[in-house]
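Undergrad: For reference, the chains in residue letters:
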Amino acid sequence: MSVVLITIVTLAGLGAIAAVILYLASKKFQVFEDPRIDQVEEALPATNCGGCGFPGCRAFAEALVKADDISSMNCPVGGADTMSDVAAILGKEAGSAKPQVAVLRCNGSCEHRPKLTDYQGATSCAVAAALYGGETGCSYGCYGCGDCVQSCQFDAMYMDEATGLPVIIEDSCVACGACVEACPKDIIELRNKGPKSRRIFVSCVNHDKGAVAKKACAVACIGCSKCQKVCPYDAITMDNNLAYIDYEKCKLCRKCVEVCPTNSIHELNFPPRKPKVEKETPEQAPAE
Amino acid sequence: MQQNIGGQNVLKTFSLGGIHPAENKRSADRPVEILPAPPVVTIPIAQHIGAPASPIVKKGDEVKVGQIIAQSSGFVSANIHSPVSGKVDKVDNVIDASGYRRTAIIIKTEGDEWEEGIDRSPDIKKEISATAQEILQRIGAAGIVGLGGATFPAHVKLSPPPGKTCDILIINGVECEPYLTSDHRLMLEKGEEMLIGVQLLMRALKVDKAIIGIENNKPDAIKHLSQLCEATPGISVQPLKVQYPQGGEKQLIDACIGRQIPSGKLPIEVGAVVQNVGTAYAVYEAVQKNKPLIERIVTVTGLSVKKPGNYLARIGTPVADLIEAAGGLPEDTGKIIGGGPMMGKALTSTDIPITKGSSGILIMPQEIAGRKPVENCIRCSKCVSVCPMGLSPYLLMTLAEKAIWDRAEEEKIMDCIECGSCSFTCPSSRPLLDYIRLGKGKVGQIMRSRIK
Chain W
1 MSVVLITIVT LAGLGAIAAV ILYLASKKFQ VFEDPRIDQV EEALPATNCG GCGFPGCRAF
61 AEALVKADDI SSMNCPVGGA DTMSDVAAIL GKEAGSAKPQ VAVLRCNGSC EHRPKLTDYQ
121 GATSCAVAAA LYGGETGCSY GCYGCGDCVQ SCQFDAMYMD EATGLPVIIE DSCVACGACV
181 EACPKDIIEL RNKGPKSRRI FVSCVNHDKG AVAKKACAVA CIGCSKCQKV CPYDAITMDN
241 NLAYIDYEKC KLCRKCVEVC PTNSIHELNF PPRKPKVEKE TPEQAPAE
Chain L
1 MQQNIGGQNV LKTFSLGGIH PAENKRSADR PVEILPAPPV VTIPIAQHIG APASPIVKKG
61 DEVKVGQIIA QSSGFVSANI HSPVSGKVDK VDNVIDASGY RRTAIIIKTE GDEWEEGIDR
121 SPDIKKEISA TAQEILQRIG AAGIVGLGGA TFPAHVKLSP PPGKTCDILI INGVECEPYL
181 TSDHRLMLEK GEEMLIGVQL LMRALKVDKA IIGIENNKPD AIKHLSQLCE ATPGISVQPL
241 KVQYPQGGEK QLIDACIGRQ IPSGKLPIEV GAVVQNVGTA YAVYEAVQKN KPLIERIVTV
301 TGLSVKKPGN YLARIGTPVA DLIEAAGGLP EDTGKIIGGG PMMGKALTST DIPITKGSSG
361 ILIMPQEIAG RKPVENCIRC SKCVSVCPMG LSPYLLMTLA EKAIWDRAEE EKIMDCIECG
421 SCSFTCPSSR PLLDYIRLGK GKVGQIMRSR IK
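Going down the list, the protein sequences come from chains W and L. Numbering follows full-length UniProt numbering, with no gaps: position 22 of the first sequence is 22. Numbering follows full-length UniProt numbering, with no gaps: position 268 of the second sequence is 268.
Some hints could be false.
Derived, one-sided and incomplete: chain L residues facing chain W with beta-carbon distance under 10 Å [stated by the list, open to error]:
(1) LYS25
(2) GLY99
(3) ARG101
(4) SER349
(5) ALA369
(6) LEU438
(7) LYS442
Keeping only pairs whose Cα atoms sit at most 20 Å apart, straight-line, the calculated DMTMM-like set for lysine to aspartate or glutamate is [said to hold, decoys possible]:
(8) L:LYS372 <-> W:GLU135
(9) W:LYS215 <-> L:ASP119
(10) L:LYS289 <-> L:ASP119
(11) L:LYS442 <-> W:ASP186
(12) L:LYS442 <-> W:GLU181
(13) W:LYS249 <-> W:ASP239
(14) L:LYS372 <-> W:ASP118
What follows is a set of in silico ranges between Cβ atoms, one per label pair, in the way DEER data are often shown [what the hints assert, rightly or not]:
(15) W:LYS209 <-> L:SER392: 42 to 50 Å
(16) L:GLU110 <-> W:ILE169: 57 to 65 Å
(17) L:ALA403 <-> W:ARG58: 17 to 25 Å
(18) L:GLY334 <-> W:PRO275: 51 to 59 Å
(19) W:LEU116 <-> L:LYS90: 20 to 28 Å
Hints in this document: simulated from the structure, not taken from any laboratory. Just so we're clear, the structure is a prediction, and the values are computed from it rather than from any experiment. Cβ coordinates follow ideal geometry from the N, Cα and C atoms, glycine included.
If we strip away everything but chain L, and leave its shape as in the complex, we get:
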């Protein structure tokens, strides 16, 4: 698994750029704690990429745990299920992680009554009886989305477009974001179930080979899963050098199997599909246990947090509850981030609920939370050398600032994966990604209008 170059063991990684921020995985040795269902849950109907789900419950309706409350409203969309039992309080606009007021279903918890047919026993169900079609159908029905944070509906990714074939499944256990440990704990604690999930995904994709990519800062997870993999033919573990953003699909495929995806294309172009370890576990629960996606593991961490940890929380739990579980909000808090420090987004309130894509809640102390004053570009080209997509961030920023959209498109602004390595590395603290993101929005709009 390791290449021997010049007498040194060199671990595999992706070929272009990348950075290595301080890891700060403070909660790596904290076992997952189960958080009780909160008294009120807020379920946004737009928790995934694609069309928001359409609510099928109204004020006053009684719901059970696992009951569908919002239906997928298109091919790229996902069902949403009630994470608690109780009464629908209202369907209203509330501020969610996007920073805008959007439609959400608010449910008052009463008791803990589950929908029939959901297997809540702790036994591991190993034998796989479902066919590929049934697995896909179950994944779609259970509302499973990519749990790494991108929240792309899983059943869409598992249905390659006509003419494209998939020959390998890559499981993302990289967790390259600093601070976050939810995937790490999942691999350690639910490794066996997750591997059954991987087998289900392999059957759904009709492939006989799967690679689990794990960064070398999680030796216990690599060891644990390697042992488990001995019993499962076709699945292997690939240790990887610690390098951000290795968890990006394109970077992970490059790192694991050395295939490069052409500009503007999807991983299926090179015959690969990537799914997160959390997604694999959710697939296991959906297919083997008939349990829809109603909870997830969330890391609550930060340098000043008293009790950093990993919590299994119901979707819709307010961030405040999780922070409370981790020892309360530290006094010197300057920023609360939903997700990791690199790609996460600052939250505007602690009432914001966690959603399917919430991998972590990061609390930044005031002294390191703020941005440094912006200075002039000194042409050091550090941003160019760290860009994992081989772009020129300094140029893209200028083009977006000056609204030169045609040139920005030529310079492949749409290839940007928004990993933030450029902004992280810039010695002049220039808001590179801020403007590139703006440019991506505009150029994407122009490109879509051209198709019509």
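Excised from the complex, chain W in its bound form:
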């Protein structure tokens, strides 16, 4: 009997001493963590994609709690809804970042851009780019090895076997920017999604002179600057034989699309054009 009693008393005593030490240690070494960090993290989409510029959602939550002004910070995956939730938790003002989407600025499919050489090295755009300008005459365009597809964790990209180019699935794309990082040729760009997902962009990054670019690819931007002249909003700039449309300035009037001699300016998600004699319906009027 006494053996049982001694055991119970000893263990209970040890337990009590340990409890006291743990209590004191937890008081002494306590690290205060803002409970709002957990709340904010809960509100974030938990994709840990890094699209916000921070290493994961937790780090972004910490940064959001710490920052005085969060208007310039944005979670591209959650978008405005998530950011307003976060702002509500923190009592701060959310920014008004417009939703973005990745666009592929190359249309050099097998048909438009004939192959001149045959690349047999490792299936990686980065390896190919370190080696040479690619299988076609255009050393700016897509290599088609799919580094971007590999980098996408949202299954928003796939390689089109017929064209040899990656395709971005607009509805799945969260604009995290992983593909932009992965592409060694800086072909993919994040652009504003635009009203009704309508976008206009130059689908080419070739800086070669017009004749050289055109010889390499039928749909290359030849730097003729017709689009720049026709644009009523000064949204188009020419840089070293290449046009670029500023998506903040573009009012989606589509005048540039019509004048482009090589069809290198693309319009996405617009309704089919009406014959020219008819008047433009209000639906097609410049948005924004």
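Chain L: place on chain W using the hints.
TA: Chain L alone, transformed into the frame defined by chain W:
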């Protein structure tokens, strides 16, 4: 010169790894033929390691042979001279051996008028009157770069950084790349001039000892130069076992004098400077004959080439002209390589001009040109045993593929000399060097950004 181990004569070689691919030196007995100046030359302004030269001629300018057309634009850079006389057609972007469009000066040849002061007589000028300073200045002015293929500006290598001293000059006559024979022919045909070049280099470096390393598959060159060396104190010939990549600086120093260069350091760390035989000859021409680097010997070869040979061609000659001289492009051609089969690079067009670093043009028949399908790594560690730098290529490839740059740096990815022995030996045909090269680029970028 030969060590006697276990009753057998064992030739010197480097201590780690190495391979012995089929030599295929088909053009070894073909004397150098002089190729006439082509009607149009294309001179890329980036033919060397370092900053590209800046063009100082413009469209319509008349130039003479040997006239400077692009000026060195930094310490690590080199002058470029016109290899022909004629009119500058344009300064434009053209595809060069890098596979990218880069700036080049295009000159239409008219006549053959040389810049004054260049000694074109065939006489050998033996007496050396220039001082070390003058030699260095001439080498820099003549735009001489390492002609073994790395194209590092020669005057930079010959100016050791403060605090470092050089006690030996090693001349690289190894030509370990299979197929290539341009250095071999140079040693046989221009041995005497080359040795004067070696003496000039010794004077510039203020050393009294030079060793010419030659692989044992060139017995005629070893014999010829050994005889010539008897008259030149301080210079000796070192026959070496045939082993690739013995022509790598670090391997050659190890093979010749048994000194190992610490990781990440240059040969000057162990008091040695290495120059190629072609560079030594170019130095002779620049200092003794006042002739800048405007032409070089190029081997045109391949298993299916009708007339493999060695050609003295002006810089800027299109590859097509050289192939034409060698009997035309064989029908079964699968790949044209600028350089040797191990370290050379496939060319994307025959319009690409030869540059200062073009040691050869290799034409591969279709059946052996392609890569074999990639299979899984079977952990045979052959790549580890052949790596002359003692690295683990299989690991470096994986690290580069998975973008684990910090670990790649720890595993000394920057020590890789890109000799390709690992890819050559891999039984699963894995693209080891492709990924290691990618990793070197990335890690190098990270390391440079850290310094800033």
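Undergrad: Take the hints in turn and mark each one as holding or not.
TA: Structure-based check of all given hints:
1. A cut of 10 Å between beta carbons decides the hint on LYS25 (chain L): the least distance to chain W is about 26 Å, and the hint is violated.
2. Hint on GLY99 (chain L) holds. Least Cβ distance to chain W is approximately 2 Å, under the 10 Å limit.
3. Of the supplied interface hints, the one on ARG101 (chain L) holds, with its beta-carbon coming within about 6 Å of a beta-carbon of chain W, less than 10 Å.
4. The closest approach between the C-beta of SER349 (chain L) and any C-beta of chain W is roughly 8 Å, which is under the 10 Å cut-off, so the hint is satisfied.
5. Because the smallest distance between the Cβ of ALA369 (chain L) and any Cβ of chain W comes to about 9 Å, under 10 Å, the interface hint for this residue holds.
6. At its closest, the beta carbon of LEU438 (chain L) sits 5 Å from a beta carbon of chain W; the interface hint therefore holds under the 10 Å criterion.
7. A least Cβ separation of about 8 Å between LYS442 (chain L) and chain W falls short of the 10 Å threshold, and the interface hint therefore holds.
8. Of the supplied pair hints, the one linking LYS372 (chain L) and GLU135 (chain W) holds, its CA atoms being roughly 19 Å apart against a limit of 20 Å.
9. Distance check on the hinted pair: LYS215 (chain W) and ASP119 (chain L) sit about 45 Å apart at the alpha-carbon level, beyond 20 Å; violated.
10. At roughly 5 Å between alpha-carbon atoms, LYS289 (chain L) and ASP119 (chain L) fall within 20 Å of each other, so this suggested pair holds.
11. For the given pair, LYS442 (chain L) sits about 16 Å from ASP186 (chain W) by alpha-carbon distance, which is consistent with the 20 Å threshold.
12. Straight-line distance between C-alpha atoms of LYS442 (chain L) and GLU181 (chain W) comes to about 13 Å, which keeps the hinted pair within the 20 Å bound.
13. Pair hint LYS249 (chain W) plus ASP239 (chain W) holds up; C-alpha atoms about 17 Å apart against a cutoff of 20 Å.
14. Between LYS372 (chain L) and ASP118 (chain W), the direct Cα distance comes to roughly 14 Å. Compliance with the 20 Å bound is thereby established for this hinted pair.
15. Between LYS209 (chain W) and SER392 (chain L) the CB atoms are about 46 Å apart, so this pair conforms to the stated range of 42 to 50 Å.
16. Checked against the given bound of 57 to 65 Å, the beta carbons of GLU110 (chain L) and ILE169 (chain W), roughly 59 Å apart, stay inside it.
17. Hint check: ALA403 (chain L) to ARG58 (chain W), Cβ distance near 22 Å, so the stated range 17 to 25 Å holds.
18. The supplied range of 51 to 59 Å is met by GLY334 (chain L) and PRO275 (chain W), whose beta-carbon atoms lie about 53 Å from each other.
19. Checked against the given bound of 20 to 28 Å, the beta carbons of LEU116 (chain W) and LYS90 (chain L), roughly 23 Å apart, stay inside it.
This entry does not satisfy hints 1 and 9, going by the numbered hints stated previously.
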